[in-house]
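Based on these hints, arrange chains B and C on the given structure of chain A.
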Amino acid sequence: MSSHSASGAIDHHHDATTSTGIPNKKLFMWTFLASDCMFFGALISMHVVYRIHPPAGSPDPRSVFSIELTSFSTFILLMSSLLMALAVNAIQKGNVRSTRNNLLGTIFFGLIFLACQVYEFQHFVHDRGLTLSSSLFGSTFYTLTGTHGCHVAIGVLWLILMYIRSFKPADAEQSSQPWFIMSIVHLLVFAVAVILGVYVVVDFAHQMHVPTFSVGSFLSGHLLSLIGLAASIGGLMFLGRSRGQVDFGERNAIDVESMGLYWHFVDIVWIIIFPVVYLLEYI
Amino acid sequence: MQAITKSDFIGKDTAAAEKRPFVFTRPTAKTGLVSWLTTVDHKRVGLLYGVSSLIFFLVGGFEALLIRIQLAVPNNTFLSAQTYNELFTMHATTMIFLAVMPLSAAFFNYIMPLQIGARDVAFPRLNGFAFWVFLAGAIILNVGWFVKSGAPDVGWFGYAPLTSTAYSNQFATDMSTDLWVMGLQILGVSSVVGSLNFIVTIINMRAPGMTMMRLPVFTWMTLITAFLIVLSFPAITIALIALMMDRSFGTSFFEVSNGGLPILWQHLFWIFGHPEVYILILPAMGIISEILPTFSRKPLFGYPIIVFSGAVIGLLGFGVWSHHMFTTGMGTMATAAFSIATMAIAVPTGVKIFNWIGTLWNGQLQMRTPMMFALGFVWMFMMGGFSGIMHSAAPADAQQQDSYFVVAHFHYVLIGGSIFALLAGIHYWFPLIFGRKVSEAWGKFSFWAIFVGFNVTFFPMHFLGLNGMPRRTFTYDGNMGWNSANFIASVGAMILGIGMAVYFVVMLYTYFKGEKVGRDPWGARTLEWSIPNPPPEYNFAVIPTVHARDAFWYEKNHRDEIEREKAKSAAEEESHGGIHMPSQSWFPLLAAMALLTGGLFFTNHNFMGAIAGGVVLFIAVYLWAWEGPGGYHLHLDKDGNPIEPKDGQAHH
Amino acid sequence: MRTLSRRAEAFRPPRFPFGDMTLTLTLRTAFSRARSLVLVGLLPLLTGGWTSGPQSTFETHGPVAKTQLDVFYVTLWVSVILFVLVAAVLAYATLRFRVRSGDLSNQPPPEQSHGNPLIEIGLIVLSIGALVIIAVPTMRAIWYTYDVPEAERANAYEVTATGYQWWFKFEYPQEQIEGSGALVTGNELVIPAGRPVRVNLRTVDVIHSFWVPKLAGKVDMMPNRGNHLWLKADEPGYFWGQCAEFCGESHAVMRFRVIALSEADFAAWLAQQKSPARTVPGTQIGATPAAGTPRVEFASYKYEKQRPNSPGWSEGFDRAPFAAWQQKQQVDAGEKPELIAQGRKLFIEKKCAGCHEVRGHEGAGISGPNLTRIGARTTIAGGLLENTEQNLHRWLTEPNNVKPGNKMWFGGYVVRNSETGAWEEQFSINDDEARSLVAYLHSLK
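Residue numbers (the working numbering), protein chains in the order written: chain A, -4 to 278; chain B, 3 to 654; chain C, 67 to 511.
For reference, chain A alone in the conformation it holds in the complex:
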């Protein structure tokens, strides 16, 4: 821990140890996001160039996209930004419990977005015949949205790690509780829950369109996954119970805030990608 964690009230808008008063982590994140702007700028331009100059035989984007689903996932991602902002606000007030809840909400919404994207990709590949190598449209579409999806996935991972970190006991350095092992168990249980959850939901959405679909057969077909999912969620609830004093607190606000900056940025990028990629023909 930094030796500068001075006692008394924490000023979240000024860090006296830096020349400008901006915390180093925040400045780092802002600069990184400037770089990421150029990164997505180049990716989006590449997509747009090929949308404007489509080679012969390109598929019509309108016949590929389903705007309703993507509008829904866009809305979900936007809402996750709101929860992220609430999490930052909560930690700045030192409210760890509220921070955790908001982080969980952000994670949940982020996962819904990712699940939509996984479903969408699968749907496009299998039902619409759009693959990475089928056309330039496919190449640029999957690369752009996939890169954005990777950003969201990294964000979700970061959120999960931050969530787990908030359970670090205040006396971790001295206590006999094996906190490091605990955190890894927590992470693994979370990973199992996420993977099974996304898998079940995406598969459900996919099979819903099959004429012979019935909920009963779906449930019995996914019995193991569902049991695993339930077990891991139970495990998460167990691990997520209150366990005395924690190390995490108001002075970690800058960590949550930097993460929030990243999360908001990824959302904003999607707000640009959504019209440019999905709505271009309708504008």
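Fair warning: there could be bad hints in the mix.
[Unchecked claim] Partial selection, computed: residues in chain A whose CB lies under 8 Å from chain B: (1) Thr13; (2) Thr15; (3) Asn19; (4) His48; (5) Ala51; (6) Leu127; (7) Leu131; (8) Thr138.
[Unchecked claim] What follows is a set of in silico ranges between Cβ atoms, one per label pair, in the way DEER data are often shown: (9) A/Ala51 x C/Asn266: 30 to 38 Å; (10) A/His9 x C/Ile187: 58 to 66 Å; (11) A/Ile176 x B/Thr85: 35 to 43 Å; (12) A/Gly16 x B/Pro631: 37 to 45 Å.
[As the list claims (entries may be wrong)] Using 25 Å as the maximum straight-line C-alpha spacing, the simulated BS3-like pairs for lysine-lysine come out as follows: (13) A/Lys163 x A/Lys20; (14) C/Lys473 x B/Lys150; (15) B/Lys45 x A/Lys20.
Since the hints were made in silico from the structure, they are not lab data.
Just so you know, these numbers come straight off a predicted model, no measurement behind them.
Quick reminder that beta carbons are idealized off the backbone N, C-alpha and C, glycines included.
Using the frame of chain A, we list chains B and C on its own:
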């Protein structure tokens, strides 16, 4: 290796033994291999950058000599066409990404924090990571020499569609281009991470009173360069990702048969590539702006204009990329616009030259070796600048583009410019870094050998280009009127090679046997000279307070005032717990090794191996975050020596 | 004792002492000749020898290159004047303010002045002024060199140049031939002199660049992009051109020629080109050979194996290339119908016909250069070698040594085994076969 289990607050009460998993035991070795592998000290990272970039500089120079032997006479068969193409590709890639950029980074690392009065960079472990990642990328780029398909052979610009699998050379599984793509991507990670760190450091870690307009010009140029890197590398990263997907996953970003547009590669490449030119030259300008005032015993002439013109160069640098593409048939309007923009960039460049001359004017010029290199820089950079203006006129460029005239031009700015300045910088800061001084006689001899060899090599190339000799040709006919100029250029290259050899032998000799010097041997003006040489690990016993531009010059003229102020600051810092130092860490190295192995597996299209590399990378980063920044406190006695902690957990 | 002019003469390229070299040879010869070479080498610099040659941009023969050269001279003179001025001040400052005594620590430092805004801004304004001098002619030339001027557009002649790894195809869309489309030729572009020519630039593979320095600056041949340039040769003549964008292994030897003819000559040339390939009587496939199976002694030359990359030209050709070209249009004396007939058969047997077109004969491929009039061209192998019997023989027997990586070798002489990925020989051409092929190809006038 002597481990201490307590990573925090050495010197305080450490009775309560900490229970941390063994992976978080921080290495504390101060000498030996481990101390270098785990270092977070910006000076050590700087030295690592410096030494490895100089090694690659010699490799690139050797490649250049082979090229010049091949071209010494017409119809030579010393090298095969394939080998020649590999050599010129790797010569450029090596010199740009593995020699000049990291050598600049070496100075950024070593000198910049000292100039702003900081004890380290903002994120010390990230700094180590940037270096190890650089090494990983360098290894991947050069692995090609040792595998069957050979080294990359598509030119450093890798124009699509020549980089497509369809046009790889006649080997069935050609991975040379994959190595090039992966190597550059990994080097990009290193450059961007390093630059983010420098930006935060310069903006946030300045000593009290070190306002932006008091920053030494070298630090200013570091800042601008870092911004250029951060903003331009994403463009080439995207281009490389697209190319990688084309080659590995069957996409068709640049596949002509599926409607891909190779021109797009050129745009993305040069949106990166032109700022890259300034990434290579701005640090050099910064070094020159330190050396000229020191050896003229005068402040830099027109400091605000120098800083401002540097920023304008950086800004305009993003608006002129298409002048590399004048011959691609862009149409009249675009050509005219980029022509004018390119001419415009000559103005801030010219301003710098005027101001350097203004710095000399009325000064007391001491012709020491660094000053010789610095003046050599001004002369050669002027030459390169004027031939640059000639290219800016697009119609004239239609004849010059891709000819030896361009080769002459950019070697004048890159050797006569960047390399001269970097060599000057090595000479200039050698006494600070190693406490020894290079002999003036040998230094000047190497300068003249390099200066003469350089001009003999590259001046004739202007004529070769205007006489119609295209670049990147492994052979030429004897009836084209190019024989004598080529031969002279090759002789010059040998002289240049000898000059460089002398330079480095003298440096090595000086490192071991050179004359020892005291603090501030040149009568310099900036803060890095205010500390003992070689600098102690903590840099400044007391964080200085800055009262003026040329802070150290001011200190030297206000000794009493500064003494009082330092005593006060020292007491204050001690009351806050002493000098805070960051702890060493294994994880930057581990993360970079994961990138290296993952990258190598990927280029071999072994995707399970690549994923395994990714998993190791994640684990390394996870543990890195877990162990925390760490750190300990130092306390100094009156002479500035660290006081040994009571409990014997020392680090010596 | 040699006179100065004799020395300059001695330095004329064809007599240059070095041919094919290895490292040891290079070094040994280099050291022994270094002194005289430096002396002789500097001389052409002073006398302008470094500014002339077949691809010199200083010796322009058309308005486009001339305009580009004029812009260059403007930039050159502005640069030289500025350089001399700045350099003089720099040199003066360096010499004037230099101190000789080593130790200055006891001397008072000079006045610590920080700059002079008036001078600085004045210099900025001055440099902007200098740039305007360059910018104005630049702008004018950008528009002029981009496309054929409006006034001359009706008179413009159109050709299409297509880059291949590593040769050029030239098409004449205005010259349609009944039953086979536009007239096609390779590596030697014949144009009318005194008439603007608009060259459409295409490529079938990677990026190439079309550059004839004496006629016009280069423009790239970009895939999926319809570039063009225009040029005009003021007088009839023979011009060197070369690919100027790195395009793979043999980029260095991807060369071509432009031959400008007077209107009358051009018309005659066109008429000749449009007719089907010339057939020497009695050499058709299936015709009875006049005198049995041809033997070596029928050939007019003895092939001497040459070192790799030995020079591809003769002195006579080099001195008067245009005359050499005109000479090439004539039928060779002493043609041997037996050899030619044999060669024509081999042209099919050795799979040449699959890639090369010989209009009117059996050749029908399009992936290689059109050979309908190969005998009338001055160069072979993409402008690399003079079209002599020796060179053609060499090109046919060892193409990969002449032009590394070329598609005639990879995919022709050797093909890739789809299972092992190794290159395996499909056929080879021995000396006797090469002589017959040379005779046949040289009969195609």
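Cross-check of the supplied hints:
Evaluation of the A/Thr13 hint against chain B yields a held restraint, the C-beta minimum of about 4 Å falling below 8 Å. For the restraint placing A/Thr15 at the interface with chain B, the shortest Cβ-Cβ distance is roughly 6 Å, inside the 8 Å limit, so the hint holds. With 8 Å as the threshold, the beta carbon of A/Asn19 comes within range of chain B, its nearest partner Cβ sitting at about 5 Å, so the hint holds. Checking A/His48 against chain B by beta carbon gives a least distance of about 7 Å; that is within 8 Å, so the hint holds.
Given hint, A/Ala51 at the interface with chain B, holds; its Cβ is 7 Å from that chain's nearest Cβ, closer than 8 Å. A distance limit of 8 Å between C-beta atoms decides the matter here; for A/Leu127 the minimum to chain B is near 6 Å, and the interface restraint holds. The beta carbon of A/Leu131 is positioned within 8 Å of a beta carbon in chain B (closest approach about 5 Å), and the interface hint is therefore held. Interface restraint check for A/Thr138: the shortest CB-CB distance to chain B comes to about 6 Å, inside 8 Å, so the restraint holds.
The supplied range of 30 to 38 Å is broken by A/Ala51 and C/Asn266, whose beta-carbon atoms lie about 20 Å from each other. A/His9 and C/Ile187 have their C-beta atoms about 39 Å apart, which leaves the hinted 58 to 66 Å range violated. Under the hint 35 to 43 Å, the C-beta atoms of A/Ile176 and B/Thr85, about 55 Å apart, miss the expected range. Checked against the hint of 37 to 45 Å, the C-beta distance between A/Gly16 and B/Pro631 comes to roughly 20 Å, which is inconsistent with it.
At most 25 Å may separate the alpha-carbon atoms for a hinted pair to count; A/Lys163 and A/Lys20 meet this at roughly 21 Å. Of the supplied pair hints, the one linking C/Lys473 and B/Lys150 holds, its CA atoms being roughly 22 Å apart against a limit of 25 Å. Simply put, B/Lys45 and A/Lys20 have alpha-carbon atoms about 22 Å apart, close enough for the 25 Å limit, and the pair holds.
The structure fails hints 9, 10, 11 and 12 (numbered hints given earlier, in ascending order).
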